[in-house]
Amino acid sequence: MTELERVHDDLFTRVRARPGLHWWSAFALCGAGTGMLGVLIAYTVATGIGVWGTNIPTGWAFAIINFVFWIGIGHAGTFISAILYLLEQNHWRNPISRLTETMTVFAVVQAALFPILHLGRPWFAYWLLPYPDVMGVWPQVKSALPWDAAAVTTYLTVSVVFWYVGMIPDLASLRDHAPSLRARKLYGLLAIGWRGDSRSWRHWKVTYLMLASIATPLVVSVHSVVSSDFAIGLTPGWHSTLQPPYFVGGAIFSGFAMVLVLAIPIRVLYGIEHVITDRILDNCAKLMLVTGWIVTYGYIVEHFGAYYSGEPAERSLMFGHHPGSLAFWTMLSCNAIIPQLLWWRRVRRAKLVLFVISVLVLVGLWFERYVIIVQGLMRDQLPSAWGSYTPTWVDLGILVGTFGFFGLLFLVFLRLMPFVPVSEIKEEVE
Amino acid sequence: MRRGIAAEYLTKESLLAAIRAMRARGLVQLEAYTPVPFREVDAALGARRSPLAIAAGIGGLAGAVGAYFLQWLLVAYLYPIDLGSRPPHMPLPFTIITVEMGFLVGALTVFVAFVIVSRLFKLWDPIFDVPGFESATRAGFWLAVGADDPAWDRDAITHALQAIRPTQLHGFGGIG
Chain V
1 MTELERVHDD LFTRVRARPG LHWWSAFALC GAGTGMLGVL IAYTVATGIG
51 VWGTNIPTGW AFAIINFVFW IGIGHAGTFI SAILYLLEQN HWRNPISRLT
101 ETMTVFAVVQ AALFPILHLG RPWFAYWLLP YPDVMGVWPQ VKSALPWDAA
151 AVTTYLTVSV VFWYVGMIPD LASLRDHAPS LRARKLYGLL AIGWRGDSRS
201 WRHWKVTYLM LASIATPLVV SVHSVVSSDF AIGLTPGWHS TLQPPYFVGG
251 AIFSGFAMVL VLAIPIRVLY GIEHVITDRI LDNCAKLMLV TGWIVTYGYI
301 VEHFGAYYSG EPAERSLMFG HHPGSLAFWT MLSCNAIIPQ LLWWRRVRRA
351 KLVLFVISVL VLVGLWFERY VIIVQGLMRD QLPSAWGSYT PTWVDLGILV
401 GTFGFFGLLF LVFLRLMPFV PVSEIKEEVE
Chain B
1 MRRGIAAEYL TKESLLAAIR AMRARGLVQL EAYTPVPFRE VDAALGARRS
51 PLAIAAGIGG LAGAVGAYFL QWLLVAYLYP IDLGSRPPHM PLPFTIITVE
101 MGFLVGALTV FVAFVIVSRL FKLWDPIFDV PGFESATRAG FWLAVGADDP
151 AWDRDAITHA LQAIRPTQLH GFGGIG
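Same order as they appear, the protein sequences are chains V and B. Anchor point for the first sequence: position 408 equals 408 in the working numbering, and the numbering is continuous, going up by one each time. Anchor point for the second sequence: position 101 equals 101 in the working numbering, and the numbering is continuous, going up by one each time.
Please keep in mind that the hints were generated in silico from the structure rather than gathered at the bench. All values derive from a computational prediction rather than experimental measurement. Since no wrong hints were added, every one of them can be taken at face value.
Here are the simulated distance ranges between beta carbons: (1) B/ARG165 to V/THR277: 35 to 41 Å; (2) B/PRO88 to V/PHE124: 22 to 28 Å; (3) B/ASP153 to V/GLU273: 49 to 55 Å; (4) V/PRO265 to B/ALA24: 53 to 59 Å; (5) B/TYR79 to V/ALA17: 55 to 61 Å; (6) B/ALA53 to V/ALA17: 35 to 41 Å; (7) B/PRO126 to V/TRP23: 37 to 43 Å; (8) V/GLU430 to B/LEU78: 55 to 61 Å; (9) V/GLU311 to B/ARG39: 57 to 63 Å; (10) B/LEU83 to V/ARG182: 56 to 62 Å; (11) V/TRP344 to B/GLU13: 43 to 49 Å; (12) V/GLU88 to B/ILE81: 45 to 51 Å; (13) B/TRP124 to V/PRO132: 38 to 44 Å; (14) V/GLU273 to B/ARG25: 45 to 51 Å.
Idealized CB from N, CA, C, for every residue including glycine.
Bound conformation, chain V alone (with noise of 0.2 Å):
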């Protein structure tokens, strides 16, 4: 047997491998989820957004916090499958780029959910794009609502046509040897007659380039834009040229946070443990502690912003009320101070451990964005329309469910689609 049948043959019995116990518990679980999100969501539209806990001052609350928590983590998939795939890391690269692409596309697909659900009439969606209507009336380019379409649409796409694209080799080897006609036929459409020929091998490494080159940019791009549609307002806190890298920066540490909590018991569930290896954990511990340290400057510039100004409103904010705030202890303790253990090796060879740091970063990005939106707006420069916020049992099980959707999505994937790019893989053995 030749190396790169050993190879084909090894991943691809753990990517066909018929689902354990772990997998249908979580399949369960998810599917739990996924339910009360549905029927959360069709509460929420058949009522009203009353349901949720946002009001006035507090117009933005869950549903933003939740939109730009989600479309973070998608971030760090295209950084390690584009990013790296250009910078030529493909050691290292490879094992991972599918999980990655597949948790930036299906957490997109949650951060989409918010936006549109925070219209309070969702129906109406399809008025933020350019369509010919007979009133005349278009969107308004100006404002920052059809920037995040725009962006938001065009990360979707991009992230979908580039896992697609990367896959398709992969799925022509799955028709090629699924041991049922139904499989083959299912594998046979989805692969749309890839032949391995080399004309087909030469234009797909180009297009993959090509998206590769395309998709590096966004990664700025698609949160610069969602900073932008903070930065444009006058809320305390969120007027500053600070919120694109700031945003970005989370957006990667929160999308590497991600990839570890997701990486770290899928390789011991499929024993892919020399395929993603503890030096491909360790890469991904020290890209987290690099943007937790972006982040953590953020913090500081922020904070010494708000001082050099003199702006009341902002140091009312940031000096006034934060100190009090259990929210911006919990951001500041999970992003900026327990991260700090990745300095050490035998931290970040301890999975467990690194485990409960990328969780505990992932629970400190997601009350960054809380502090920032909700405390902004409690916060306004007039004291006399200050309020405040508590969130319902209708945000909080959203917010729950579209983590069981998520896990839902992924759970499918994993047993269906090839979770390793074995066609790249085999090329670096080759």
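Chain V is already provided as a structure; the job is to place chain B on it using the hints.
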């Protein structure tokens, strides 16, 4: 390639030797099928560079220009609104959607062009009827020679391909 002879080799080196042997005979209707891409195979076949990078560039540029024009048309020409006395035509806020649409249309153009020039979406191909051809997506290195080639000589080609010790050799598309 609708009909011809296909041979499978165990290694890339054997495949390259077979391609060179066929090209030395003046055959041009050749296609190699491999589990992973190889630059050497493209070079041996005398393949030209893929034009898809140009397609991506043209698509991206068209998307960006189109998006800018559309924004101007909507908010500066068809439905101008006075927002704090700012001029209706303002390049800065138009930049975001312009850049995003450039990326989007560039990516979609390169994908569609890839599908067209690679002749995908043809779910069945005569080569799929070759016994054992599924190894092309596992670890097999296949070379197909088209029967419509002006230099076609079935017996001589079979003999030359067999000289490089294929693991299997079959005719397809009615070639026995």
